[in-house]
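There are 2 protein chains.
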Amino acid sequence: MTSSTTVPVATAPRVLARCRDLVRPSLAAAVGRLHPWPGEMAAFSFGWCAVGGAPTAGGSEGKGVRQALAVLCAEAAGAPGESAVAGAVAVELTHAFSLMHDDIMDGDGTRRQRETVWKAYGTGAAVLAGDALFALAVQTLAETPGPHTATALRRLSRTLGDLVHGQAEDLLLEARPWTGPGAVTIDEYRTTAELKTGTLLGCAAALGALLGGAPAGTVAALDRAGRHLGVAFQAVDDLLGIWGDPAVTGKPVHSDLLRRKKTYPVLAALAGAGRRAADLAILLDSPPPLDEEGAERAAALVEASGGRTATLDEARHHLDAARACLRSVPLAPGPVREIEELLRFLLHRTA
Amino acid sequence: MTSSTTVPVATAPRVLARCRDLVRPSLAAAVGRLHPWPGEMAAFSFGWCAVGGAPTAGGSEGKGVRQALAVLCAEAAGAPGESAVAGAVAVELTHAFSLMHDDIMDGDGTRRQRETVWKAYGTGAAVLAGDALFALAVQTLAETPGPHTATALRRLSRTLGDLVHGQAEDLLLEARPWTGPGAVTIDEYRTTAELKTGTLLGCAAALGALLGGAPAGTVAALDRAGRHLGVAFQAVDDLLGIWGDPAVTGKPVHSDLLRRKKTYPVLAALAGAGRRAADLAILLDSPPPLDEEGAERAAALVEASGGRTATLDEARHHLDAARACLRSVPLAPGPVREIEELLRFLLHRTA
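Quick mapping for you: the protein sequence lines, in order, are chains A and B.
Numbering-wise (our numbering), the first sequence opens with residue 1 and increments by one.
Numbering-wise (our numbering), the second sequence opens with residue 352 and increments by one.
Bear in mind the hints are in silico, worked out from the structure with no lab data behind them.
Small disclaimer: the values here were computed from a predicted structure and weren't measured.
Ideal placement from N, C-alpha and C gives every residue a C-beta, glycine not left out.
Be a bit skeptical, because a hint or two may be false.
Stated by the list, open to error - Across the chosen pairs, the derived CB separations fall in these ranges: (1) B:Gly429 / A:Ala17: 51 to 57 Å; (2) A:Lys261 / B:Ala651: 41 to 47 Å; (3) B:Lys612 / A:Gly146: 39 to 45 Å; (4) B:Ala624 / A:Leu172: 58 to 64 Å; (5) B:Pro597 / A:Ala28: 31 to 37 Å; (6) B:Glu433 / A:Gly146: 46 to 52 Å; (7) B:Glu433 / A:Pro215: 44 to 50 Å; (8) A:Gly107 / B:Thr701: 38 to 44 Å; (9) A:Arg14 / B:Ala567: 45 to 51 Å; (10) B:Leu609 / A:Pro25: 45 to 51 Å; (11) A:Ala29 / B:Val599: 45 to 51 Å; (12) B:Ala675 / A:Gly52: 44 to 50 Å; (13) B:Pro681 / A:Gly146: 31 to 37 Å.
What the hints assert, rightly or not - Negatives, chain B to chain A, calculated, CB over 10 Å: (14) Arg375; (15) Ala401; (16) Ala471; (17) Leu524; (18) Thr660.
Model the full assembly from the supplied sequences, consistent with the hints where possible.
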């Protein structure tokens, strides 16, 4: 006998599953329109199949936060979740595109416990598959009938531009020093996090509201809520990139530190005035590049100089800001409660 | 004293230059919106600057056929060329995106007498720059006010999907044998050529007409004309890929043959029944892979078995079909004459 009768089923995973079930048929139909070769790579990247195309149990699927946000924001605007499906498909395709190409540029070989697309299929093939997803995202939205098509496409295309801009900044930040002249500031980090993660979550929320027929003020408020959620999401990602359990995150331990990725915990720790912040600066900026042991020591120093706490505070701050956006416009209370469940869940996630 | 008083100025280059001058400010403004890093790579790919950003004299610019076709088709529909500029910018950006990513996948290191973007800036950077151009193409069109925005975006997004589909097919064709079971057919070649080259030229023509306010029947006829032009263009490209002067084409001699690229001249030669077709089949399908000398012999056999003539016939046939499309709907005669000049010019081009 299991304990399922006494332990309440967690709300957020249930909400994510409901939205995934609603969006999946359209997402699968869209992917089914692709040429079989990029189509298989797309299905692989969604965790639906193995290399070669054999179906998998789906253990490597993403959380589907973007599609859920689109659906919930349509519902919060008083429309059926169905009205957001084309927008939800477009943002999931866009997200998959950006992971696929970013993994090439970042040289990341592992994602969600398995090989990334370029690692499994080759770089050229992964470029092609990303392009296919990108085109499909735009096409999905362009072919959705209704009065909001042009507005929705304007928003998606601006978001695509912002994602690329954010990825460019992110790559440039990696090459910059931790300290001294040219050091990366927390403000620069925030701008990049908003471009890389915030805009797409904002776009998901805004597209859901827009396709659900919400007035412009509501669309704008939900866009802002999504952006704050995105920055909080990135902060939690940064925590998991240092202290997450590789068996759960699916990423190698300390990978962000080893790659000199400019993450919030490290930048916050370096911004501190104490002795440990100084030790951390010396450790990070002295040759040779960090090895596993050095990364372990760096992680300890980041924690000791308050980087971990500051990052949690940053995430909480942005989640509060997201909640304030939700309260600033009239919305249906049920879906808003579900969005708030999502916010809580994303703060405490372990993968 | 030059002979310029006796030799008439070629019409097509003048038409291309007029259209380029009309579109350039908007194209440059669009590229100027990019992040500086992908922005420099985009400018490099257009032949506007060297690596590092120093302006160049522009000797490496493309012909600008796509932008010209968009402008001329708006004019043929009775609208000022200005009305097509957003469409012209979108198709030029799309073309630049597809060259940039295709060069990565094809491993091509030279284009228009200089290094390709991935060769000059690195693969990851070229992926990023291509994505930036892709997003910018959609954004440019999405932000163009007017009643045709959604229709134009539907067309562009379908074209983007077709380009990726064509590139997938092209890569798969390269790996297939020349003869025997699984051999590439001329029909497969044509389908791929239409997807890779025809759809974007068709899209250029259709966008010009659409933004110029042409009725649906006219848009469809100009789309078809552009597609035929594209297939003819590809056939001429295939000729230049074997017999073109590397100093003029900017591509290494016999590169298509050395890469086992399935081009029209070779497929047409192999489809012949003569002794030379049989010799060519043996030469192409026997190990080891062709070297320079083998490619030289293969080129001679392709010519001797009629592959060169058949390709010119194919190009002429599609240009005639394009002309028939132009005559099938009421259009302004002046711009139609200019389009016909372009068709002639593209058949006889040397680069």
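Structure-based check of each hint:
1. B:Gly429 / A:Ala17: 51 to 57 Å: holds (55 Å)
2. A:Lys261 / B:Ala651: 41 to 47 Å: violated (56 Å)
3. B:Lys612 / A:Gly146: 39 to 45 Å: Given about 43 Å between the Cβ atoms, the range holds.
4. B:Ala624 / A:Leu172: 58 to 64 Å: holds (60 Å)
5. B:Pro597 / A:Ala28: 31 to 37 Å: violated (47 Å)
6. B:Glu433 / A:Gly146: 46 to 52 Å: violated (30 Å)
7. B:Glu433 / A:Pro215: 44 to 50 Å: The hinted range 44 to 50 Å is violated for Glu433 (chain B) and Pro215 (chain A), with Cβ atoms some 35 Å apart.
8. A:Gly107 / B:Thr701: 38 to 44 Å: holds (41 Å)
9. A:Arg14 / B:Ala567: 45 to 51 Å: At 47 Å between Cβs, range holds.
10. B:Leu609 / A:Pro25: 45 to 51 Å: Given a distance of about 46 Å, which is inside 45 to 51 Å, the answer is holds.
11. A:Ala29 / B:Val599: 45 to 51 Å: holds (47 Å)
12. B:Ala675 / A:Gly52: 44 to 50 Å: holds (46 Å)
13. B:Pro681 / A:Gly146: 31 to 37 Å: With a Cβ separation near 33 Å, Pro681 (chain B) and Gly146 (chain A) satisfy 31 to 37 Å, so the hint holds.
14. Arg375: Nearest chain A Cβ is 21 Å from Arg375 (chain B), so the label holds.
15. Ala401: The claim stands: Ala401 (chain B) keeps its Cβ more than 10 Å from every Cβ of chain A (closest is about 20 Å).
16. Ala471: The assertion about Ala471 (chain B) holds, with a minimum of 16 Å to chain A.
17. Leu524: holds (12 Å)
18. Thr660: holds (33 Å)
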